[in-house]
Each structure stands twice: as C-alpha cells, then as structure tokens.
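There are 2 protein chains.
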Amino acid sequence: MPELLSSHTNPLVKQIRALQQRKGRDETGLFLVEGIHHVGEAIEASWSIETLVYAPDQLTSEFARSLVDSQSLRGVRCVAFTPELFRSITEKDNPQGILAVIRQRHLGLDDILPKQLYFGAALVSPQDPGNVGTILRSLDGAGADGLFLLDGGVDPYHPSSIRASMGTIFWKNLVQTSFEEFVKWARENGYQLVGSSAHAKIDYRAFKHGEQPLILVLGNEQKGLSQDQMWACDINLSIAMKGRVSSLNLAVAAGILMYSIFDK
Amino acid sequence: MPELLSSHTNPLVKQIRALQQRKGRDETGLFLVEGIHHVGEAIEASWSIETLVYAPDQLTSEFARSLVDSQSLRGVRCVAFTPELFRSITEKDNPQGILAVIRQRHLGLDDILPKQLYFGAALVSPQDPGNVGTILRSLDGAGADGLFLLDGGVDPYHPSSIRASMGTIFWKNLVQTSFEEFVKWARENGYQLVGSSAHAKIDYRAFKHGEQPLILVLGNEQKGLSQDQMWACDINLSIAMKGRVSSLNLAVAAGILMYSIFDK
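Chains A and B, in that order, are what the protein sequence lines are. Anchor point for the first sequence: position 146 equals 146 in the numbering used here, and the numbering is continuous, going up by one each time. Plus 264 on top of the position in the second sequence (first one is 1) and you've got the numbering used here.
For reference, chain A alone in the conformation it holds in the complex (with noise of 0.2 Å):
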C-alpha cells in the first residue's frame, strides 16, 4: 500500500486546482482528466500523461488499477490521496478515484492531410464546453475525423468539454485557427465547406454530397454563421424549424446534419 497524500497545501492539489480554471491550462499546456473511462481512453490514445492521481480505496476497478500499474511501471509519476483529499478536487459526484494531468496537443493546419480527414466539423468561436464535447463525440459516432474551432471560443480542455466528448477527444484531429486560414487551407486542399444557417434558403435534406471531402462549418449558439462566413462556404444549408424556436442547440444541430450527410 502507497502512502497516501493528505495535505490540502501539497503543490500537486494546487497544480490540479490551478488546472480546474482556464488561466491555469493555458500557461503551462496541461489539463484533466477523470474517470476510468476517460483516463483509459487518453492512456489508449498515447497521449502524455504527466501524473497520475489516484485514491486507492476508491479505485475498486480491476482495470483501473492496472491502469495505475502500467503507467507506474512505465515511469509516470502516479500518487495515491486520501479519499477526503481526492473528494476536495473533483468535480463529480460519484467519483471514480482516478485522475490524470495530461499535455495539451496542438494541431496546425498543416498537420492535416484531406487523405487523413474526408469528413470534419468546424464551429466558429463556440461558447458552451459542453457543446464542443458533445459535438466530438457525435462526429465520432457519424465516423468523422476531426473538429476545426475557429476565431477563438471556449477552451475544449475544458473539464465539461472532456466529460461530454466520453474520451472521444483523444482519437479525433482537433485544431485551433482562425476562420479565414482555415477558409484559405480548406480551399487549397479541395474541400467543401458546408455552412448551416437558419437564414439558408437549401433544406439539409436537399442536399447531396459528392466525391469531395468535406466539412461542415456551424456559427456559435448566440449568433450563427455571419452573412460573410456563410458566403465563405460553397452552400448552405438550414434545418426546418416547425414551432415557436428559431434555433436548435448547437450541440443537437451539428448532430442532425453530422449523421444527415457524413453516415451513408
């Protein structure tokens, strides 16, 4: 049995406290993850884990522990907490006792390949980390390759981003750009760009796609595609809004032309 970590001033609880908030992700690149499920996911993935944080008496998962043991062996650092001590960092209710500090990847433009990506997602300074998670985890269902965030947004390490991904942000190309290098990358590598917009006048129903790859490009939950962005893209296209709302969520939105035009 490891002794286990009890002081609530220890600088890792600080460093994981520090990581909880944007600021704290940016200045050094880490960020967290929790769960067996996710953490298997990003250890799966090969992504760099940094440290490992566990409380033994909660990690009851034969799995999990050999998560522990196989990243211990390799020569994480992994370090057991208290119960009360893991319960004072983490933000689920029922929590599993595991946690990971991982490094932040980023991608450039120039790191995709269209051969490696034919059907993407871009969302344009997107403001709820819970939709981006989501959004990746449904272009993972639809068989999807990666997701563009343009002119800024929210963070996608962000903890609620993580969380509604279900681990499917360590398999997808995730690359931060802004909206016209990414317009001027996706047309110098053939794509088609796909905007959706309540003020299109082409059904996404309507809509048949070709040889080419392709993405879809989504305006954020306040505002949507801008006139210009929309004309950035070879077409757009709008979902029939039948009652009182002029939108669906974002998150729902991308789902239904995701799966209308990636799953054939």
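Take the hints with a grain of salt, since some may be wrong.
Short, incomplete list of chain B residues facing chain A, as computed with Cβ under 10 Å [said to hold, decoys possible]:
# : residue
1 : Val509
2 : Asn513
3 : Ala518
Calculated directly from the structure, the hints in this document are not laboratory data. Remember, predicted model here, so these are calculated numbers, not experimental data. For every residue, glycine included, the Cβ atom is placed at its ideal position computed from N, Cα and C.
Please build the complex by placing chain B on the supplied structure of chain A, with the hints as guidance.
The following block gives chain B in isolation, referenced to the frame of chain A:
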C-alpha cells in the same frame, strides 16, 4: 419609481432561494423562470404568474418593462429589487433583471387526446435536466406536441431544463407518469411506440412512418431502454455508431430521431 426591496432576509427572497431546490418546488408546486424571453413566453402562453421580480435599473428593454406594467395592471404582484439583491438571486452571469415565480402545470394522461398529440417523445427516468429542456426545444423545432417523463427522473421545472427549453416548455404538453401507465394509455389510444436502443436491429433511416400517431421512446443517459421496455414498443430503432463511442448524447439522439421521423 417603485420602492426597491433590498433585504436579503425578506420572505420573497427566501421563497426564491427555496425554489432553486427541487424540495422547494415539489412542496409548493411553484418554479422560477428567468430572463425576458422566457418570462415573456410564460405570460403569452397564459401560465399562472404568482410573482414578478424585477430590477428596474437592469431592465432596459421596452418589451420587458411592458411585461411588468401589464402584469401589474392584471393584479399580479410585481416587486422591484435593488441591483445587488437581484444579482444575489439570479443564476445568470448577465442577468436581464426579470424573474417570475410561476405555478407548475400537471397534466395527466387523460388530459391528452391523440388528435391533439400526433407526434410526441417519452423519456424514461432522464437524469440531466439540460437534456429534458433541449429535447423540448428540438421537439418544438420538429413540429411535435408533447413530452412524457416516465418513472421519475429529473424535475422538468429545474432551472437548467427551463433555460434549455428556450421557452418551449410553456407550449408543449408535459405529462409525468409511470412507464406502465403510459404504455397502457398509448395502446388504448392507438399510438405506435417507437423505441430507440443501441441494441436494436433496425436502422432508424429504414423506418417508414404510416398513419398512426407516434411516440418516440428513449431510455435514460446511463442505461438506455431495458429489454422489457423494448418489448413494450412496437418497433425499436438504432443509430449507427461508427467510431469508438457506443451511444450519442441523449438530446442529440432524440434530435436525430425526431427530425428523421417527424419532419416529413
């Protein structure tokens, strides 16, 4: 200019705080609605407003001021708060300065006629109030009429559900009952029940809707539909999962199925 309430120990402030918790809502049959759009929708849909709270300094919109004036003329208790007191009760980062205490509506199965409810959705014990509200919003967008919440689960009058519904909760039939009673009622009233499950053999795109009124039935976030619940449905449909995750977010799955089945 009305006199501004500033006391944090005022009974109304205590009532509002109590209504932020489920216990307070269950005990009183009241709930909170915040923001100009949402309060406006509740009033337009003729829900019973018990109290309207507003912060005169923050309430800059002409429409919002007219809501307060007209409710006041109709005899609704309207209470002006200081900006500080209003901020202390709001759950929003950028409060709009208006909040209503409203009476819940509880419909029973007998209140619903198939002629009034041609397309609907049923959720078995959903756990995330945001999902309930988001599904109401999608249901409205897809042109459906009602939502059935079966065998408990979250409170649809939770602030996150209200917020995510974008006000559609005030316009849709919402029935809370047991799975068993629901199925009995659906049989007697000629509904086709369409279940959704990762274990179903039929792809949702293969489904053709006939003439019957139809209700889509979805299991909860963790467990999906049980085998018995699938048997109780006339047909069960699956959404293809092409990547690593075995399911979609509940609200995304509901959105894809509702738009595919209802939106003809």
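Evaluated hints:
1. Val509: Holds, because the Cβ-Cβ distance from B/Val509 to chain A comes to roughly 5 Å (cut-off 10 Å).
2. Asn513: Hint on B/Asn513: holds, closest Cβ of chain A at ~5 Å, below 10 Å.
3. Ala518: holds, 8 Å
Violated hints: none; the structure is consistent with every hint.
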